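Participant: Residue numbers (UniProt numbering), protein chains in the order written: chain A, 1 to 409; chain B, 1 to 409; chain C, 1 to 409; chain D, 1 to 409.
It is worth saying that the hints were derived from the structure and are not from the lab. None of these values were measured; they are calculated from a predicted model. Any given hint could be a false lead.
Identical chains share a label here; the pair holds if one copy fits it or two copies do between them.
Simulated pairs of lysine to any residue, SDA-like, Cα-Cα distance not exceeding 20 Å [what the hints assert, rightly or not]:
id, residue 1, residue 2
1, LYS199, TYR109
2, LYS138, GLU185
3, LYS138, GLN91
4, LYS199, GLU403
This is what each chain is made of:
4 protein chains.
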Amino acid sequence: MTVSREVELQGHIIDSGMMQTCFGVIMDMGGSFEVEEFDIGRHEDERSYAKLLVSADDEEQLQSIVHELHQNGANPADPNDAHLEPAPADQVVPKGFYSTTNHPTEIRYDGEWIDVEDIEMDCAVVVEDGENPYAYTKVLNAVEEGDLIVTGEAGIRVSPPERPRGSEGAFGFMQGGVSSERPSETTIANIAEAIEETKSEGGKVLAVCGPALIHSGAREDLARLVREGYIDMISAGNGFAVHDIERDLYGTSLGMDTESLDHPRKGHKHHIYTISEVIREGGIEEAVESGTIESGVMYECVDNDRPFVLAGSIRDDGPLPDTITDAVEAQDAIREQAHEADMVLMLSTMLHSVAVGNCLPSTTRVVCVDINPATVTQLLDRGSAQAVGMVTDIGTFVPLLAEEVLDEE
Amino acid sequence: MTVSREVELQGHIIDSGMMQTCFGVIMDMGGSFEVEEFDIGRHEDERSYAKLLVSADDEEQLQSIVHELHQNGANPADPNDAHLEPAPADQVVPKGFYSTTNHPTEIRYDGEWIDVEDIEMDCAVVVEDGENPYAYTKVLNAVEEGDLIVTGEAGIRVSPPERPRGSEGAFGFMQGGVSSERPSETTIANIAEAIEETKSEGGKVLAVCGPALIHSGAREDLARLVREGYIDMISAGNGFAVHDIERDLYGTSLGMDTESLDHPRKGHKHHIYTISEVIREGGIEEAVESGTIESGVMYECVDNDRPFVLAGSIRDDGPLPDTITDAVEAQDAIREQAHEADMVLMLSTMLHSVAVGNCLPSTTRVVCVDINPATVTQLLDRGSAQAVGMVTDIGTFVPLLAEEVLDEE
Amino acid sequence: MTVSREVELQGHIIDSGMMQTCFGVIMDMGGSFEVEEFDIGRHEDERSYAKLLVSADDEEQLQSIVHELHQNGANPADPNDAHLEPAPADQVVPKGFYSTTNHPTEIRYDGEWIDVEDIEMDCAVVVEDGENPYAYTKVLNAVEEGDLIVTGEAGIRVSPPERPRGSEGAFGFMQGGVSSERPSETTIANIAEAIEETKSEGGKVLAVCGPALIHSGAREDLARLVREGYIDMISAGNGFAVHDIERDLYGTSLGMDTESLDHPRKGHKHHIYTISEVIREGGIEEAVESGTIESGVMYECVDNDRPFVLAGSIRDDGPLPDTITDAVEAQDAIREQAHEADMVLMLSTMLHSVAVGNCLPSTTRVVCVDINPATVTQLLDRGSAQAVGMVTDIGTFVPLLAEEVLDEE
Amino acid sequence: MTVSREVELQGHIIDSGMMQTCFGVIMDMGGSFEVEEFDIGRHEDERSYAKLLVSADDEEQLQSIVHELHQNGANPADPNDAHLEPAPADQVVPKGFYSTTNHPTEIRYDGEWIDVEDIEMDCAVVVEDGENPYAYTKVLNAVEEGDLIVTGEAGIRVSPPERPRGSEGAFGFMQGGVSSERPSETTIANIAEAIEETKSEGGKVLAVCGPALIHSGAREDLARLVREGYIDMISAGNGFAVHDIERDLYGTSLGMDTESLDHPRKGHKHHIYTISEVIREGGIEEAVESGTIESGVMYECVDNDRPFVLAGSIRDDGPLPDTITDAVEAQDAIREQAHEADMVLMLSTMLHSVAVGNCLPSTTRVVCVDINPATVTQLLDRGSAQAVGMVTDIGTFVPLLAEEVLDEE
């Protein structure tokens, strides 16, 4: 027995790769298809339309295929309303719940398409009904008994971002992702331009920072970018803040004087002493206010009201009183920052970049910089459509970026 | 003005590198020295002794040098008792507190040298006085008001492990650390022998496991090692457990069938569905008992009473009810396992390996396996004296290790 | 002024990505297009056809675009004969000569399409006219004065390989290229199957071997695969052969006993002594025949008449008398092997793999194995359509591969 | 039976690690020792002296140990003259010939110690007797019948460089080798200082250049350093020169415009066209003189009489007429440059850096820069005592270095 369903694709379905992907999905998963309608955009700025009849051996296989097509932007041709079921208990979703992508998504409710707010990957979609029904995402651990949750595949429309065309702005510059074979200075100039564009549009820039920023000597330039307002928010871990403050208190980072390179051995204990001092003061803000901390990235955040999130991890020393030690609470704080960000700079940290990336819709601009190509690749693979990667040394990148951004003022 | 202090070195101070290191420390840090006594071991199994007069320009510099010499096993020639001060508040240590190394350490109390228990890096040393005084380490966040804490440098003796000599057992095989230029099968055979040696001495083996173990197809062989009692404890994260259970529930890992490699696209949602199923059951143990989970590493842990710690992180989905989301609580659980372990296998995880490594004394045997040489190097640099590193594919390593271990029964 | 040209695409132009690529090329390069005809294959096994009118601002830009479309399989709609010009001198090609891709290529000569033989990248196409005209590739340094060389873009048809469909054989298993997130044992089993399939079809397997094969302990298993006929030819460098023979003469590789791991220091000079011994004998074959060399990969090559090419490089010690020190001569020898190969195993060598890869058409099956993901990615990017990459430890890969291949006999 | 021999160590044998290494060598290789005399330098600037009696089970083992001690600077206490034997044929050395280290070496001839000139690794030592006897190294393939070649271990003295003390000059800054955890800008400033120091001492700087220099946009700054005389010689491959010239002829590097990043696809054929143009001209110098090449690194070399060596490899396209295709000839050209260099910058090339490094004595200053930490580690391991490594992006390194060097003029 063969079962079939019609799906539709529209938009720049050829040059976005959507049509290729969908054909591939069907064949990979053992199904077959017939192109029932195909209306190709005659010019590069016209949209195309295709209707496919997808067939499979049984209903389960068909559902798997249609689910996967969904994720890639093909939608059922004869939409019904999304199916809703109440959550049976806190943190427990109904079986067969719909797990989100990070692409813009709508659901059909009462015959109307409504946007799913705060879209991010691997969430449930919750619908608040009533006069002005609306839909939004919830991570599993936030689900409450009775939440109306979308299940199944019907009545859901996903829109993977299309390939930028024509005047693509600053973010058009590195299509095709990562490469260590690009000219570094030109790429940095383009990233600087994208930051300026974001700021001039009134957008917010979030920097996700790893401790290598401090060891590699990029601290002062990063602090300037915070002070001058090119970075609006910081997402980091306990270690980043400790290294930054150690530099202020002792002039070292992990015990090395980052200016003279002198006495590489001296001061290993500075790290733990720094933590102890901040605990004694009660926190970073208190230590800035008391005059104990007088410079650096954290100092500029406090001094200029740039919000920061320090998320804890099991490798932390201390931690500082400001560090959120509970992973779920920390994710909530990260999520809030991520949703406010219009552009995200991921700077030399895998753990924190993945955590932030998990909360981003595919439409947020992302720049990922690391000296390890595997880190950059892995971050880009997770999925922003507007992500660019650069394999470089953070210790030369930040100074050159600061020069570009601040000199053009 | 010049200030001086005498320090002593004893043991195999030449071939352990201790003497070279100490000479280097003094010169790097701007001091000078005179060798006042030197009694070299005439044979390779005789111990040597040296007394150095270390000089510096001022007391602060001298203290820095002596502190650093300390960390490397040189001790003041005229020991006084360690200086103790009460902690002024919870989590607040007295200024100038002594921050530990991971080497065996004694303090001088009331004229007697007593061991510091549960030694690990970057801790305070707390002394309980009374009839039977004893000393032990506390991490900063565990310090309580009134704890008597060692400060300064006096009355502390550190013993970095010496180079193994003569019959070095299985762990002699890879002195000189990591290399990707060693024969893989022979190295694996040596690691297998070290595991057997540890077990035959009644020791406990802790495996620190990253999710790549599951993707790479090593799950079944790792599960066998747990079942057969060669691995006594598991330390991992939420992701490892989810991937392991996903394989049981859906036959996939991150959506790919790990046996047939079929349908690489199907089943991306299996990951989040797995979490949802375990939450529904109430936890891993409950899901094993109800028959929902029937195989795998976590299954064998539950079925054979092998304790596991799942430490949360900000990149987790879910998480599972078993995952300890608070970083400080998770560190405590990790610390307990680490102190019980006689041998630690660090398998394809940076984050969890660092967290476990932070809690280990330098005398614990450590094997670190990763396909990224930077990960192996970084882990070994942190400091076990008995650590060996291997740069290899975890997906071929575990099967070959299991073959070696289980075939020799 | 706008200039235009018609180009045609045919085949599985959507799911092969050809159409997407061509749309992207035109837009990236500042041109525009109109789809004049589009006939989509209704089923997954029907071919499609598209005719595009490509426009650009001037003739130069149009030519650039059409050139690039060409490389990706789009051909001028109104083919003329290819334009031929004689080479003005040895090694000198006419201006505007056509530089080849590695895809199957035809040229139009006297109104007929004829295949270009021995296709490989970055060559000139030479046409021998006469009664039975034929076309073939020549690298620049082989061009002779008077050779008739194809210039311009007209009369050339390139066919990039299509995505495999349906029964894809053993090589379907790893579409999507490299990943370190695949199950290792299953992937190795698939590679074994592909070797067996190649052999059972009467094909030849070429192994490109780096010295890490020997250090990592894979020598004996590789030698078995040569002896048993699963590897027909070896392409390597001087270092590989020296290490292999050192193991035979001294039991060491770079001075380390690869079985006992004993005495890692002893025998550094074995490397240079090995070279000296082989020079004394006059060459590898002579040293095998005299009984000096009694085992190993080179021994099996000589003993079983498997041809080998040892290509010299500037980092060689010695070199051995068998090593071809001239790069151009060595390339010619590599080219001959490459053209005979039906499947190529690239094992832990960047330099030799690139050299061999440069001579392969995109239709040859390639497996690339290295522990460095960057090496695997770079090799696959160069372009075989049937290439699969595996990031693993060569020292565990070869033994497991040999087990798979030889146990299934 | 036990056999013994006395060896002596002198110099800063403790803090250079020599004594530790020698103790380790003896124990690793199964021997034993007695310290017969030990006279320690009392101050940090006094030299020490030790005489060891080394024992082993048999003569062969003893010789192996003494050989290895030799390589590390311990010399027989009762020196005889070196043993000399004539080479039996061209390229054939006597059995048991002495294979060199890269450390300063003397041989005892007729009761006198004479320096071995042009020391480099893995060579034979040839002695010209006569009135003014002298000794020098020859690589195996340069040995001629009748050359008097040193065999055995007697009469040879090796001096591994000692750890720098006190005022160490610019090259003291990065003892301890590579690290990606150093501040990048400060490290670059130190390298700039070392270049200036070398130049002010009348020394010569050799830059070993990989093609990534061009792709990454560092070409113009490198060309300035050549023009301004901070780089005296270039050692590179065919690819480097082609990419450099392509940028001049077509404004692209591997087809990408390195300034605008525009049209990443356009111009893949520029690479092969560039080669063709230079061949047409007859070579790089001719193409500069005819005005075809007007800028870039190769241009500045020709224009400013900075000698360059382009060594061929099997992955070359073309090659250019200037490329030395024979590996042995190329090595000779590299050797000549290497012996003239006082400082070597190894910039993003493994193959050429190893080739140059093979010809360097351990006393030459080496800076090795690469974005891949494995490359840096491997190059430093091969052995210059004055080598420093930096893991960074060559595309940001060269501009920042040029700024440092040229701004301080």
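Participant: For each hint given before, does the structure comply? Return the numbers of the non-compliant ones in rising order.
Facilitator: Per hint list: 1 and 2 violated.
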